[in-house]
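Protein chains in written order, with the numbering used here: chain A, 1 to 221; chain B, 1 to 239.
Treat the hints as calculated values from the structure; they're not laboratory data. These numbers were taken from a predicted model, which means no experiment stands behind them. Mixed in with the good hints, there may be bad ones.
[Said to hold, decoys possible] No farther apart than 25 Å at their CA atoms in a straight line, the calculated lysine to any residue pairs in the SDA-like style are these:
1. B/Lys81 to A/Glu91
2. B/Lys81 to A/Asp81
3. A/Lys2 to A/Leu14
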Amino acid sequence: MKGFAAIIRRELKLAMRQGSDAAIALIFFVVVVALFPLGVGPEPGVLERISGGVVWIGALLAAMLSLDRLFQADHEDGGLDLLVMAPWPLEVLVLAKCLAHWLVTGLPIMLISPLLGLLLHMNTEAYFTLLAAMALGTPVLSLIGAVGAALVLGARRAGVLVSLLVLPLTVPVLIFGVSAVEAAAIGQGAGPHLMLLGALLLAAIPLCPWAAAAALRQAVT
Amino acid sequence: MHWFANPARFMRIAEKLLPWVAGAALLSIAIGLYQGLLASPADYQQGETVRIMYVHVPSAWMAMFCYMTLAVASASFLIWKHPLADVAAQAAAPIGAGFTAMALITGALWGQPMWGTWWVWDARLTSVLILFFLYLGYIALVNAFDEPERGARAGAILALVGVVNVPIIKFSVDWWNTLHQPASLTRLDAPAIDPAMLSPLLLMALGFQLYFVVVLIIRMRAILTARRIRALHMVEPGE
Numbered sequence: 001m002k003g004f005a006a007i008i009r010r011e012l013k014l015a016m017r018q019g020s021d022a023a024i025a026l027i028f029f030v031v032v033v034a035l036f037p038l039g040v041g042p043e044p045g046v047l048e049r050i051s052g053g054v055v056w057i058g059a060l061l062a063a064m065l066s067l068d069r070l071f072q073a074d075h076e077d078g079g080l081d082l083l084v085m086a087p088w089p090l091e092v093l094v095l096a097k098c099l100a101h102w103l104v105t106g107l108p109i110m111l112i113s114p115l116l117g118l119l120l121h122m123n124t125e126a127y128f129t130l131l132a133a134m135a136l137g138t139p140v141l142s143l144i145g146a147v148g149a150a151l152v153l154g155a156r157r158a159g160v161l162v163s164l165l166v167l168p169l170t171v172p173v174l175i176f177g178v179s180a181v182e183a184a185a186i187g188q189g190a191g192p193h194l195m196l197l198g199a200l201l202l203a204a205i206p207l208c209p210w211a212a213a214a215a216l217r218q219a220v221t
Numbered sequence: 001m002h003w004f005a006n007p008a009r010f011m012r013i014a015e016k017l018l019p020w021v022a023g024a025a026l027l028s029i030a031i032g033l034y035q036g037l038l039a040s041p042a043d044y045q046q047g048e049t050v051r052i053m054y055v056h057v058p059s060a061w062m063a064m065f066c067y068m069t070l071a072v073a074s075a076s077f078l079i080w081k082h083p084l085a086d087v088a089a090q091a092a093a094p095i096g097a098g099f100t101a102m103a104l105i106t107g108a109l110w111g112q113p114m115w116g117t118w119w120v121w122d123a124r125l126t127s128v129l130i131l132f133f134l135y136l137g138y139i140a141l142v143n144a145f146d147e148p149e150r151g152a153r154a155g156a157i158l159a160l161v162g163v164v165n166v167p168i169i170k171f172s173v174d175w176w177n178t179l180h181q182p183a184s185l186t187r188l189d190a191p192a193i194d195p196a197m198l199s200p201l202l203l204m205a206l207g208f209q210l211y212f213v214v215v216l217i218i219r220m221r222a223i224l225t226a227r228r229i230r231a232l233h234m235v236e237p238g239e
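All chains should be built: construct the whole structure from the sequences, respecting the hints.
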């Protein structure tokens, strides 16, 4: 547990000192979502209909954009070798990395998402569901993203490649996240969709760090 | 399996096996096509378009089978460091991508007259499309590294992560209410298909399976030869 807390402290401190990295993902999220009214036309009816999907796709792309923060710098300066050799299980350290990544990028995206829903005329009923779905879904994006980020360490054009690998695997999050928001917007219960998102999170917490740790081990040896 | 863990021995056996398997593949695809396209009755509902199924269904089966081959080969590469497993995995991936593309294209050709649309976003079609992306991602990842060894290991882990998609494809027609019909053959009671249609379907499936083995052997030989050339270049860089 000491290693877990130490990693989170270190990551947060690094993020504070070079705050622009986390801010870029957030600004990217806002800009992508703001492009949709310009692309599909400003009719409130159309925007209201697609608002849930647009916010989720924006969040997905913003999460992809921030993935290179996860392991790339550590891989370049040798910190990753120390993590692999550390006396704690690498899986736990990867989980700490994912949690820190979520706190720095996923949490701000989640908190700002109702504001973007407002811009897209989202039904006010759906805001709490959107927050809840984002709270369950964005950690899954960080966890699945960690596997992709670990796999492409040292690859050519790693930034594009990681999106190609990770985006197909995030489809379930997108499907259930959007259907939760849409169910809430038309006044149906979003419970089942949120439970499925929760199940995805519970499955991803043990499995993704395991796969990511295996990928990290083969990247440093 | 350890007896086969010798590339030279594999090459020798593959050499002898190849013409026989290739002949059998050609024969069963030829008979299957004849039965499917000419000698079998048209469907009472689907009419002549049912003949697309004799290509579509075996392609879809092979798309999943190739992925399982890829995953099993990747697992034995990571666990036992079997020297032919990563060759088999890398050889199987493009074949699987080809079968997946064929399943998607023939499905669209069948869907146009039958469903009135080339594509619907139902669970089966979407999950097979994701399978196609997984194949492409695997191929891109394996080729993205300067050291082939590193790409092989990263690709093996990705292939195992992608296995979660296979049961989703298989059971998507049972879990969700989809436009795509559920399985007709692998049911507890008798298959819901006429024997006159079943025989060309199974023949085509067998033919595709043998075709897969043929291409797999050819591709594995090519990869092994390429490695040998690379190794020789390293010994004599001046060549």
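Output the indices of the hints that this structure fails to meet, ascending.
The structure conflicts with no hint, since it agrees with every one listed earlier.
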